[in-house]
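Add chain B to chain A, keeping to what the hints say.
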Amino acid sequence: MTQNRLITPEGTKDYLFEEAVLRKRIENKLRDAFAFRGYHEVITPALEFLDVFTTAENGMPIEQMYKLTDPKGRLMVLRPDSTTPIARLCATRLKNEKLPLRLYYNQPVYSVNPSLRGRSDEMLQSGIELIGAVSKKSDIEVLVTAAKALQALEIENFRIELGHIGIFNALVGALKISKEASEAVRQLIENKNYPALNDLLDEMENKEAAAVIKMLPRLFGGREVFQKAKKLIQNTDVIGILDYLEQLYGALSQLGLSDKITVDLGIVNRTEYYTGIVFKGYVEGFGEEVLSGGRYDGLLKEFGEDAGAIGFAVNIDAAAKALLKSETPKLPQAAVLVYSDWAYEVKALEYIDKLAELKIMAEYSLCDSLEDALEDAKARKIRRLDVVTDEVKTIEL
Amino acid sequence: MKPIRIALTKGRLEKDTVALFEKLGFDCTQLHNKGRKLILTIPDANIEVVLAKAADVITYIEHGVCDMGVVGKDTILEYGGSFFEVTDLGFGKCKFALAGKQGEDFYTGYAEKTIATKYPNVTRRFFEEKGMDVRIVKIEGSVELAPLLNLADGIVDIVETGTTLRENGLEVYEDVAQVSARLIVNTVSLKMYQNEIEKIIGQIESVCAKA
Chain A
1 MTQNRLITPE GTKDYLFEEA VLRKRIENKL RDAFAFRGYH EVITPALEFL DVFTTAENGM
61 PIEQMYKLTD PKGRLMVLRP DSTTPIARLC ATRLKNEKLP LRLYYNQPVY SVNPSLRGRS
121 DEMLQSGIEL IGAVSKKSDI EVLVTAAKAL QALEIENFRI ELGHIGIFNA LVGALKISKE
181 ASEAVRQLIE NKNYPALNDL LDEMENKEAA AVIKMLPRLF GGREVFQKAK KLIQNTDVIG
241 ILDYLEQLYG ALSQLGLSDK ITVDLGIVNR TEYYTGIVFK GYVEGFGEEV LSGGRYDGLL
301 KEFGEDAGAI GFAVNIDAAA KALLKSETPK LPQAAVLVYS DWAYEVKALE YIDKLAELKI
361 MAEYSLCDSL EDALEDAKAR KIRRLDVVTD EVKTIEL
Chain B
1 MKPIRIALTK GRLEKDTVAL FEKLGFDCTQ LHNKGRKLIL TIPDANIEVV LAKAADVITY
61 IEHGVCDMGV VGKDTILEYG GSFFEVTDLG FGKCKFALAG KQGEDFYTGY AEKTIATKYP
121 NVTRRFFEEK GMDVRIVKIE GSVELAPLLN LADGIVDIVE TGTTLRENGL EVYEDVAQVS
181 ARLIVNTVSL KMYQNEIEKI IGQIESVCAK A
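Residue numbers (our numbering), protein chains in the order written: chain A, 1 to 397; chain B, 1 to 211.
Just chain A, with the same shape it has in the complex (with noise of 0.2 Å):
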């Protein structure tokens, strides 16, 4: 096993000064974005039995889990994900609490991705989960939550984008077709895949409801896809969805972000969980979501409990890639060098706590000499030097 010995497996990294900083920073905005709206933290473990992510509602593939065992030969993951081990908490030991529950959490994630795409097996997640609530004004906290989050990061370039599961699978259950028939309809809409869309439903007897889907995943962009879905839609199910997401819509554009906003009717997630809106959050440059989330009604009924739900999840790293300007992390220096001959030590430490206190980031020099002092000071580009004796001396360099 030596030769692993100098190297991160594959997916995973070390996280470097202004890189790792700047994680922290984005962790603590979002954790003041989601604290100061009466959210609370958990930590959930990073080891879940298997079992918790393989209920009828959640269906994550088995292969993409980091799999052990554990001493009884029990199937134990790293958690793929946090909504559900906190839907499990929520449906245990928090059973009896009042709801809604307001919970946030901010811990990594793990998945095993195929070898050599270039993707993290290990991400972090600060997310928020709203337990026991179903009403619309949730719908509307949740979403307002989401956009305030990224809008903290002060990410310039960023979109939500709204759907619901509703619509497709009220216009699916109209084909009257068969379960892996729709997943692959299902499949199709979720790629854009127009072309072969369209082969497949030239083949559906309910030509109408057919013709309906086709348009599907054309039907994303700005406010003007309710108009053109309401004129193509005659289904009262899905209309009244669509009322509904415009009315969301319209309360998000009073935080004055409608240019930021749009809608895609052809979200279609592989379900995982989700049973209402849906949405997502993206940055400019960079190619995959940096927010998720979604209502979640059947999830917590899998663990016991029967409440409604809904959360989202910000990816940080995505987050962090998005905002960090410099590609490589410097290593930051101290603005002030501290030096003492033998017997000052500890007159120089305490020194450096009262820079503390006027935050100033000082070094302590182990340097042997003041010669040494100053030429390290020199080499590491550090702009002065205080010497510690009865008194301390300031050297500007």
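Read the hints as simulated data drawn from the structure, not as lab findings.
Among these hints, one or two may not hold up.
Unchecked claim - In the DMTMM-like style, the derived pairs of lysine to aspartate or glutamate whose C-alpha atoms are separated by at most 20 Å in a straight line are:
{"id": "1", "chain 1": "A", "residue 1": "K260", "chain 2": "A", "residue 2": "E288"}
{"id": "2", "chain 1": "A", "residue 1": "K260", "chain 2": "B", "residue 2": "E198"}
{"id": "3", "chain 1": "B", "residue 1": "K15", "chain 2": "B", "residue 2": "E48"}
{"id": "4", "chain 1": "B", "residue 1": "K191", "chain 2": "A", "residue 2": "E246"}
{"id": "5", "chain 1": "B", "residue 1": "K2", "chain 2": "A", "residue 2": "E284"}
{"id": "6", "chain 1": "B", "residue 1": "K199", "chain 2": "A", "residue 2": "E224"}
Unchecked claim - Which bits of chain A does chain B cover? Going by a derived footprint, with three or more residues having C-beta under 8 Å, they are:
{"id": "7", "segment": "192 to 201"}
{"id": "8", "segment": "285 to 298"}
Idealized CB from N, CA, C, for every residue including glycine.
Then chain B, alone, in the frame of chain A:
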């Protein structure tokens, strides 16, 4: 506004795509005289063109460093990935087929079959759907050689005209999948640059519909 970056699969698909671009009225001078340059521009359209190997086109699109790409369905089937596959461009047509020595009945007998291929994922999926266990051997060069040397009972490979097969005493046993060039788009780019990208897709769709 940053230019829309399109990745093209080098080689034959590149020529067909350039021809398509010319039908759209794009100035393709740089694409014709590219020398060794790998990033080229289409001046009046605010488009950058990148030339890459087929599988790399998918990689660049997935990571979002290119917004759109032209790649064969063969590559999509083999490498997968998450992106929008918006248009069938209609050129680069061929098929995946299972082939082997002429006159032999591939599906009889109890012995496990060995299949040589450059496309192990396509092959595995094809036989999985049949519920058939096969041994797959990855070959990098001329796959047709493997059955001739008795390394494999069959091959799964791209077949265009079938001439190479015939000249080596092989024949197609069964078609696996139809292949043609596809226009693919990064999932975020389509949303961030919706107007620009939908305009290009619309133009391409109308040219393809005429053809």
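Hint check results:
At most 20 Å may separate the alpha-carbon atoms for a hinted pair to count; K260(A) and E288(A) meet this at roughly 17 Å. Annotation: proposed proximity of K260(A) to E198(B) holds, straight-line Cα distance about 18 Å (limit 20 Å). The hinted pair formed by K15(B) and E48(B) meets the criterion: a straight-line CA distance of about 16 Å does not exceed 20 Å. At most 20 Å may separate the alpha-carbon atoms for a hinted pair to count; K191(B) and E246(A) meet this at roughly 18 Å.
In summary, the hint linking K2(B) to E284(A) is supported, as the alpha carbons are separated by about 10 Å, within the 20 Å threshold. Annotation: proposed proximity of K199(B) to E224(A) holds, straight-line Cα distance about 17 Å (limit 20 Å). With a threshold of 8 Å between beta carbons, the proposed coverage of the segment 192 to 201 of chain A by chain B holds, since 5 of its residues qualify and at least three are required. Residue count for the segment 285 to 298 of chain A with a Cβ under 8 Å from a Cβ of chain B: 5. That meets the three needed, and the coverage hint holds.
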